[in-house]
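Trainee: Please build the complete structure, drawing on both the sequences and the hints.
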Amino acid sequence: MVGRDSKGKTYKADEIKKEVLDKLKKLGEKVFRDLSQGEFPELKIPSRTTKNIVYNEELKQYVLGSKMMERTTKNVRHLRPFAQLLWIAYFSKTLIKAGKTSTLRDTYYVAIGEAIDFEDQNESDEMIMELESIIGFPREDFHIFPEERASIYGDLVIEYTVPGFRGKRVDLSSHPDGFAIGPALTTAEFVKCGAEVLFVIEKGAVFSRFVEEGADKKYKALLLHTAGQSPRNARKLIRRLNEELGLPVYVFADADPYGVHIASVLIHGSALSAHIKGLNVPDAVWAGVWASDITRYKLPSMKLNDQDIKRLQELELDPRYQNDPWKREIKEFWKIKRKAELEAFSRYGLDFIVKEFLPERLAELQRR
Amino acid sequence: MVEVSFEQISPADFFYRNRDIAGFSNPSRALYTSIRELVENSLDAAEIGKIPPNIVVELTSEGTSENEETSIYRLKVEDNGIGVAPEYVPKAFATVLFGSKYGYKQNRGTFGLGGTMALLYGQITTNKPATVISSTGGEEVHKFVLMIDIVKNEPKVFKHEVFENKEKWRGTIVEFYLEADYTGSRAKILEYFKHTAIANPHTSLLFIDVRGRMYYFPRATEKVPEPPVESLPHPVGVDVEAMNRLLSNSKEKSMLSFLVSNFQKVGEKTAREVLELAGIPLETDPKKLSHEQVAALVDAIKRYNKFRPPDPSSVSPIGEELLRIGIENMFKPDFVYVVQRPPSSYSGYPFVVEVGLAYGGEIPPSESIQLYRFANKIPLLYDERADVVWKVVTERIDWSNYKIPKVAPIALITHICSPKIPYKSVGKEAVADRPEIERELVIAIRETARQLRLYLSKIEKKQTAVKRLNIYAKYLPIIAKCSGELADKKPPDISNLLNRLGIDKELLKETHEKILKEIEEKYTVTGEG
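Residue numbers (the numbering used here), protein chains in the order written: chain A, 1 to 368; chain B, 1001 to 1529.
None of these hints come from the bench; they were simulated from the model. All the given hints hold, so there is nothing to weed out.
Straight line, CA to CA, 25 Å or less: simulated SDA-like cross-link-like pairs of lysine to any residue:
#1 B/K1490 x A/R71
#2 B/K1076 x B/G1138
#3 B/K1481 x A/N75
#4 B/K1481 x A/G99
#5 B/K1481 x A/T72
#6 A/K97 x B/K1490
#7 B/K1522 x A/G113
#8 B/K1265 x B/L1282
#9 B/K1481 x A/Q37
#10 A/K17 x A/I45
#11 A/K26 x B/K1481
#12 A/K74 x B/N1496
#13 B/K1467 x A/N75
#14 A/K97 x B/P1491
#15 B/K1509 x A/V110
#16 B/K1490 x A/L21
#17 B/K1489 x A/L43
#18 B/K1490 x A/G113
#19 B/K1517 x A/P81
Mentor: Here's what the structure looks like:
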């Protein structure tokens, strides 16, 4: 398969690429037109303040409202961010054209080299987000990725679309530690899938346990490890697996206010990415660990600390937590004031989570 | 019974016994005071003749003394002033309390002792005679070697030589020996010269110290200030003692004519009213006034509220122009503003307040304002916090009203001049807070501060404008370049936009180089690091 000629074959990734390039060009043309006419260029940019975030029932995610802010070079204060934004757009274009990728940190350093002054990486990250909101595509689509990597394992064969690897295929069950989810995997085509379900797991130890215990075979499942709050390219991949392959998604996270929110962000989308569509998986199911599981399974647990309490108070007010199971479980947290990790199941033996808990929970969820 | 014996002592003896009050309390202060007294005599001698002064001060070491911290020095001060006529030289330099400084006009010399006290101090500590060479610019130059007879307060002349004045030299040279401590006084002496140069920019000052180091303060202007004019005293400023002296010297036959001819601002009508208030018949012979009548007269003058203010012609301010030159010459400031207040008076003495405020240049930035105080053109270097200027600056002026940054290069120069400066103590380094003087200072300082605020906001506006231009020069080309790249075109022509903003090619180039340099500095470590 190596070096296979991919001429004549169209990938979905190529269509996205074309669309992104088109939008970048339009952005450039708008500014170019203003400048050639001797005018100070202006741009309208969707406002990304929390006041402009609304829940879209249809998309089942948070999206930006209609508020726009104007960035005009007539205002001397806007000049620097305006230049930064255009440079990021230009940089993305060169990345896409060359078929190369960069990371957020990497981008920051390239900027320094080209005499674009970003105060720090936060500032360049911010500009990348702004470009996302203008273009309407996540940064991964203009080839800028975060550092952190999630991983995936299971019965799925993919075909790369990135240059140098185009047409090359890989079986994701061929490496027991899983394959890192980076730009190449996120943009790959799905060729053959034997799995019928996707388990998304917060913790590395539990992911390994699932692999060792053969959960993938028992449940015909793909296993995906998010390593904490899931990175956006992992969320994108989860969404694609759900949409393109129709895999139901079950999410497993710690039974504490942070774990709950990891599951929630996967399902409802995050406030930070409200300007991007297609990152959340509205149909995904939060499968545990619930607060009620702590009492039910007598899991070893710890008292909620001050930070946990504070976070819990915030979640209570969050619109994403006004329905069950979220509302119910938040109430349970308040009742027991304790938290437990996914690994807590190991008190009943290493295989308990896969052999006892998992079938029980799946059966329970499917009954509903 | 205790028997008390009284002995009469001469003024010279008195000062010998009480030299602390005249500024000779220790070997370092004594050197500073000696230099200061002689330099001020020289300045006065030039000013009277409207001559731009050339003053050379030379200090040389003449060996160690018994005391470890002190040495014997030879101090020589030379000027190009009007000179002293030979018949007056011995009395002028070797008699304490002799001199022209008891008239009613403004003088530098603070004690009316001139250099005599310095010579006396030198004589006490080294037992060596002093040399005075002087010429009024005539045919002869006179050289005297002399000492002071302390008990009799009389000059003892050892040698008097006369030379032909071929060069038509004019001026005075004083040279004498004293035991002193230069190490301990060097800083103050240099400070004194620096301050003197500010208030006397028409002066060329050269100081050669013990180690041969030369401190030169060149003349900044040829313009010389108007010398003060001697005038009659204003009645309000005269106390019982002074009144007695005037009465005993009077040639008038009646009190009425005595008052009219010995005081300023007193006409017949005023004299009549004052005498009526004092209950003294108009025709009384001035020489026959009783002690009670003198007291009643002085008291009546104090109660009589209708005198016109004193005549300011006896006051000699530095002048706005000269003060500005002095300040500019010393600090090379970015901003300077000078205010001279109209004459005012306190207790019968006229006075004028002058204030200069300077910002930037060579003034070291500091959290506090640097004060340079002058009284009758001489610097006040001690007791700053006791001075009325300190009080006004720290208590009466709210500097936060004037946009002045917390740490700022700012210097305030104040000059108070009057035939009688109301000093706070015998040290004569701090001016008392007379309400009239305080008021004038407040008005003058506020005016200079307002001008500084205007200047600072102008600077701020200018900086903002420059900053704005720099930002455009920096970012517009980047925006243009990127938009071209994105649109698959050559970068658009933005020269029109830049022209409209007032950005030329040079600024563009400059800005670009600055960016590269900034990045270099921010991120690159040099090998030496």
